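**Student:** Given these sequences and hints, build the entire structure.
Residues in the sequence shown are numbered from 1 upward in steps of one, following the numbering used here.
Hint data in this document are derived by calculation from the structure and do not stem from the laboratory. Only a predicted model underlies this, so the values are computations on that prediction, with no experimental measurement involved. Among the hints, a few may not be true.
What the hints assert, rightly or not - Derived DSSO-like pairs (lysine-lysine); straight-line CA-CA distance at most 30 Å:
1. Lys-134 <-> Lys-149
2. Lys-149 <-> Lys-83
3. Lys-272 <-> Lys-248
4. Lys-83 <-> Lys-142
5. Lys-122 <-> Lys-112
Stated by the list, open to error - FRET-style restraints, in silico, Cβ to Cβ:
6. Ile-157 <-> Asp-185: 51 to 59 Å
7. Ile-87 <-> Gly-197: 32 to 40 Å
8. Ile-157 <-> Arg-267: 44 to 52 Å
9. Ser-162 <-> His-58: 47 to 55 Å
10. Asp-144 <-> Glu-108: 57 to 65 Å
11. Gly-222 <-> Asp-144: 56 to 64 Å
12. His-58 <-> Gln-187: 23 to 31 Å
13. Met-209 <-> Ala-242: 37 to 45 Å
14. Leu-270 <-> Arg-128: 23 to 31 Å
15. Ile-87 <-> Glu-190: 52 to 60 Å
16. Arg-267 <-> Asn-154: 48 to 56 Å
17. Thr-224 <-> Gly-197: 36 to 44 Å
18. Ser-55 <-> Gly-121: 50 to 58 Å
19. Lys-83 <-> Lys-112: 21 to 29 Å
From the three backbone atoms N, C-alpha and C, an ideal C-beta is built for every residue, glycine too.
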Amino acid sequence: MRHSKRLTAAEVKSLDAGKYADGDGLWLVKRQDGGAQWTFRFTLWGRPRETGLGSLRHVSLREARLLAEEVRRQVRDGIDPIKARRIEQGKLRRVESTLGAIAVAAYEVHRKTLKNNGEDGKWFSPLRLYILPKLGRMPIAKIDQHDIKDTLQNAWIERHESARKALSRLMVVYQHAVALNHDVDLQIIEKAKVLLGKSAPQSRNIPAMDWAEVPSFYRTLGDTCAVELALRMLILTGVRSASVRNLKFEQIDGNIWTIPAENVKGRRGLTKPFDVPMSNEALHVGQLQSDDVAVFPLFSPSACSRQPGTERITV
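**Tutor:** Below, the structure written as structure tokens:
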């Protein structure tokens, strides 16, 4: 039987701005600018909710009532219609959602936690080099552990640490995909690791000078080349090379060098300033080529010729 308070088609067109009930939870909301929206109000698990059913321009009164009846059915069955619609929208997005697109989206979110906002590209580089060339264009829901295993098999043996980082980054991408309601398996990374098996790490020694030779080598470094001066500071303080390159006078108070948090290795927002005691020699080196701001203003690997035996120096 027709509800006495239900709207008519003529009323729907002529009503002024305001909210009008059609009955059983269906409402018409008309705005001052002439626009209008159908909404449905319901209570689920003791919580009042409201969901949109479309604009009056695209949804007629009859169609709105049919949509409202479908929502009522969902509520009677204990289904949250708002979540159900999000799931359906997610299914539509999945049709064209490739691993490459989701990887970029995940990176844009994750980079906020990285040092310097991830501008150096180091975090994304394992994905770019080892995963995306082969799998980047595939829909993420179609990728399985065998695809990942085949993609990383050679790198797993020859460049194990890089391949391990690629899997770690890929896990972040899959977590982001789940948050977007994509139908993916979060266990896929662990399954791929099982298929790849354990890899004996290929140890490679990094060329290094014997500690006993450092004093004599230090004496060969000059007073005019910024690279050699920076290397002297590196030897005298034992800090990371990036901290030396970015050394400024404002960071030095007496014989204490306070490295700013942004120049300390670690996650963005989690690093703290680091104090380094400086010897008289370190303070002297800092004065040799400085300007009013930077301690090594002319730093450039090609700015000066090297002393014999210093050709492989990198600071």
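**Student:** For every hint, state whether the structure bears it out.
**Tutor:** These are the hints, each one checked on the structure:
no.: 1; hint: Lys-134 <-> Lys-149; result: 12 Å, holds
no.: 2; hint: Lys-149 <-> Lys-83; result: 35 Å, violated
no.: 3; hint: Lys-272 <-> Lys-248; result: 17 Å, holds
no.: 4; hint: Lys-83 <-> Lys-142; result: 24 Å, holds
no.: 5; hint: Lys-122 <-> Lys-112; result: 14 Å, holds
no.: 6; hint: Ile-157 <-> Asp-185: 51 to 59 Å; result: 25 Å, violated
no.: 7; hint: Ile-87 <-> Gly-197: 32 to 40 Å; result: 37 Å, holds
no.: 8; hint: Ile-157 <-> Arg-267: 44 to 52 Å; result: 30 Å, violated
no.: 9; hint: Ser-162 <-> His-58: 47 to 55 Å; result: 51 Å, holds
no.: 10; hint: Asp-144 <-> Glu-108: 57 to 65 Å; result: 26 Å, violated
no.: 11; hint: Gly-222 <-> Asp-144: 56 to 64 Å; result: 59 Å, holds
no.: 12; hint: His-58 <-> Gln-187: 23 to 31 Å; result: 42 Å, violated
no.: 13; hint: Met-209 <-> Ala-242: 37 to 45 Å; result: 20 Å, violated
no.: 14; hint: Leu-270 <-> Arg-128: 23 to 31 Å; result: 25 Å, holds
no.: 15; hint: Ile-87 <-> Glu-190: 52 to 60 Å; result: 26 Å, violated
no.: 16; hint: Arg-267 <-> Asn-154: 48 to 56 Å; result: 31 Å, violated
no.: 17; hint: Thr-224 <-> Gly-197: 36 to 44 Å; result: 54 Å, violated
no.: 18; hint: Ser-55 <-> Gly-121: 50 to 58 Å; result: 43 Å, violated
no.: 19; hint: Lys-83 <-> Lys-112: 21 to 29 Å; result: 27 Å, holds
Violated hints for the displayed structure, listed by number in ascending order: 2, 6, 8, 10, 12, 13, 15, 16, 17 and 18.
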